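Asker: Chains Y and D, in that order, are what the protein sequence lines are.
Note that our numbering has the first sequence beginning at 27, numbered continuously upward.
Note that our numbering has the second sequence beginning at 27, numbered continuously upward.
Treat the hints with caution; some may be incorrect.
It does not matter which identical chain is used: a pair holds within one copy or between any two.
The calculated EDC-like cross-link candidates involving lysine to aspartate or glutamate, where the alpha carbons are at most 20 Å apart (straight line), are [unchecked claim]:
1. K175 - E99
2. K225 - D171
3. K52 - D40
4. K225 - E81
5. K225 - E45
6. K203 - E99
7. K175 - E73
8. K175 - D198
9. K82 - D229
10. K225 - E37
11. K51 - E206
12. K135 - D171
13. K52 - E99
Source of the hints: derived by calculation from the structure; they are not laboratory data.
Quick caveat, the model's predicted, so the values are computed rather than measured.
What follows is each chain in one-letter form.
Number of protein chains: 2
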Amino acid sequence: MRVPVVRNILEVNDRIANEHRALFKKNNLLVLNLMSSPGAGKTTLLENTIGHLKEKLSIGVIEGDIQASVDAERIIGAGAAAVQINTGGACHLDANMIKEALPAIDIEKMDLLFIENVGNLVCPAEFDLGEDYKVMILSVTEGDDKSEKYPLMFHEASVLLINKIDLLPYVDCNMNKIRETVLKINPHIKIFEISCQTKEGLDTWFQWISDHIKR
Amino acid sequence: MRVPVVRNILEVNDRIANEHRALFKKNNLLVLNLMSSPGAGKTTLLENTIGHLKEKLSIGVIEGDIQASVDAERIIGAGAAAVQINTGGACHLDANMIKEALPAIDIEKMDLLFIENVGNLVCPAEFDLGEDYKVMILSVTEGDDKSEKYPLMFHEASVLLINKIDLLPYVDCNMNKIRETVLKINPHIKIFEISCQTKEGLDTWFQWISDHIKR
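All chains, please: the whole structure from these sequences, using the hints.
Answerer: Have a look at this one:
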C-alpha cells in the first residue's frame, strides 16, 4: 500500500519543482540545494560563503528545519535575505514547501539562492525542489564509509564538499577511500576538500559558484 | 491525504511492536534501540560494548542500513551474533522489519539485543520497535544546537551518549548548553559523556547496561 502513495507524492512534487525551475530560469537565478547529515556544517558554510560573496552578489537562503529558526537568524546575521521553513516533523523539504516560502523573498533581484535542507543523509535526496544543482556536505568526522551506506545522495549530488579537514589528524578517516567510493557511485561529481574553521579550500568553492552564476 | 496514511502505518507498527515487546519480556531479554546521525559512532560503540561484555553476556545485534552489510561484519568481528536488515531506501527501521529479522537470531539464550537503527536524527524516533529503551548517540562534532532542531529523538530517548569528547578541544561545542537544552526537552534522560577513541566514560555506560539486564 505504501509504494503507490509515495509515487503519487513524488509525481506531484516533480510537477511543482518544474514550475519552480521555470521561474528560477526566467530570473537567471542560480539555485543550490544544500544537503548533509545534521551538524556537517551547512549553516557555517553558508555564513562563510555569504561573507565572501555578498559584495558581488545578491544572495538569499531558504532555511529548512523541523522546528526553530536559529539557522535563519545566523544567515541574516551573515548578511543575506532568509526565510525559515519549519517542516513540523518532516525529515526533508519538498517542492510544495518551497512554493510556500518563495513569496517571502524577492528573487527578482537575486543572483544566488541557497536552499538549506533538513539535516538528513537519506530523504532530502529523493525530492526535486527545482534547483540547478544538489550540493552535499560530508564532514570527515562522519567517517569514510558513508557513500556505501547512503548512496542515493552521493549519486544525486553535483558537488561534494568534504568539510572539517582540519580534524583529519584526530579522526579515523581515509580521504582516498572517500574519493574512490564516491566516484564509483558518481563519476561526474565535483569534490572539494574544505575547512570552514581554517578556511582552507573555500576559495575553490567560491570560484565554482562564481563560474555558475547566470548573469 | 498523507496524514491518514502515516497514521495507519504507525498503528500497524505499534501493534507489531507490542508483539515484539511481549516476546522480549517472555525471554527476559533487554532490548536497546540505538539511534543517531550518520557517523556519530553507533557501530564503534557496539564494538566496544560487545568487547567488554561478551564474556558475561550473550549479545545480539540487528543492524539496520539502507544498503550494504559492513556494519554487521564489524559486529560479528567483535564477537556478537548479527543480522543485517537492508531497508532498500527507507530512512528508519519499523517493527515489521524487526519481525523479518528475528527468526535469523536465537533470542532464547540471549541477554542483550541491540537494534542499530539507520543513521538519521529524525524518523527513527517515530517508530516503536518493541524495545525497552531508546538510546541516542550525539557526537560533539555535530555541535551543541541539535536538540533545538531535532527535539523528538531527544524527547523519546532514555539515554543520551555524548560521544567523541576527545575532540572537544578542536570543535566549537558547549557541553553545558547540550545538557541544559536536552534536559529541558527531557528531564528524565540519563546522559553519559564518552569517547570510543580514548575509552573515557565507557565504564559508566557498561554499568548502566549491567544494571538493566533482566536475568
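Asker: For every hint, state whether the structure bears it out.
Answerer: Hints, verified against the model:
Taking the closest pair of Cα atoms, K175 and E99 come within 20 Å of each other only across two copies (13 Å); inside a single copy the shortest separation is 33 Å, beyond that limit. Proximity of K225 to D171 under the C-alpha cut-off of 20 Å is found in neither arrangement, the shortest distances being 25 Å within a copy and 22 Å between copies. Proximity of K52 and D40 under a CA criterion of 20 Å is satisfied intra-copy only: 18 Å inside one chain copy versus 48 Å between copies. Taking the closest pair of Cα atoms, K225 and E81 come within 20 Å of each other only inside a single copy of the chain (19 Å); across copies the shortest separation is 48 Å, beyond that limit.
In this assembly of identical chains, the alpha carbons of K225 and E45 never lie at most 20 Å apart, being 37 Å within a copy and 53 Å across copies at closest. In this homomeric assembly, K203 and E99 come within 20 Å of each other (Cα to Cα) only across copies, at 18 Å, whereas the closest approach inside a single copy is 37 Å. Taking the closest pair of Cα atoms, K175 and E73 come within 20 Å of each other only across two copies (18 Å); inside a single copy the shortest separation is 29 Å, beyond that limit. For the identical chains of this complex, K175 and D198 are intra-copy neighbours only, at 17 Å inside a copy versus 28 Å across copies, given an alpha-carbon limit of 20 Å.
For the homomeric pair K82 and D229, the shortest alpha-carbon distance inside one copy (15 Å) is at most 20 Å, but the shortest distance between copies (54 Å) is not. In this assembly of identical chains, the alpha carbons of K225 and E37 never lie at most 20 Å apart, being 40 Å within a copy and 49 Å across copies at closest. In this assembly of identical chains, the alpha carbons of K51 and E206 never lie at most 20 Å apart, being 34 Å within a copy and 46 Å across copies at closest. Neither within a single protomer nor between protomers do K135 and D171 lie at most 20 Å apart by alpha-carbon distance, with minima of 41 Å and 33 Å respectively.
Taking identical chains as interchangeable, the C-alpha atoms of K52 and E99 are never at most 20 Å apart, the minima being 29 Å within one chain and 51 Å between chains.
Against the hints set out earlier in the document, violations occur for numbers 2, 5, 10, 11, 12 and 13.
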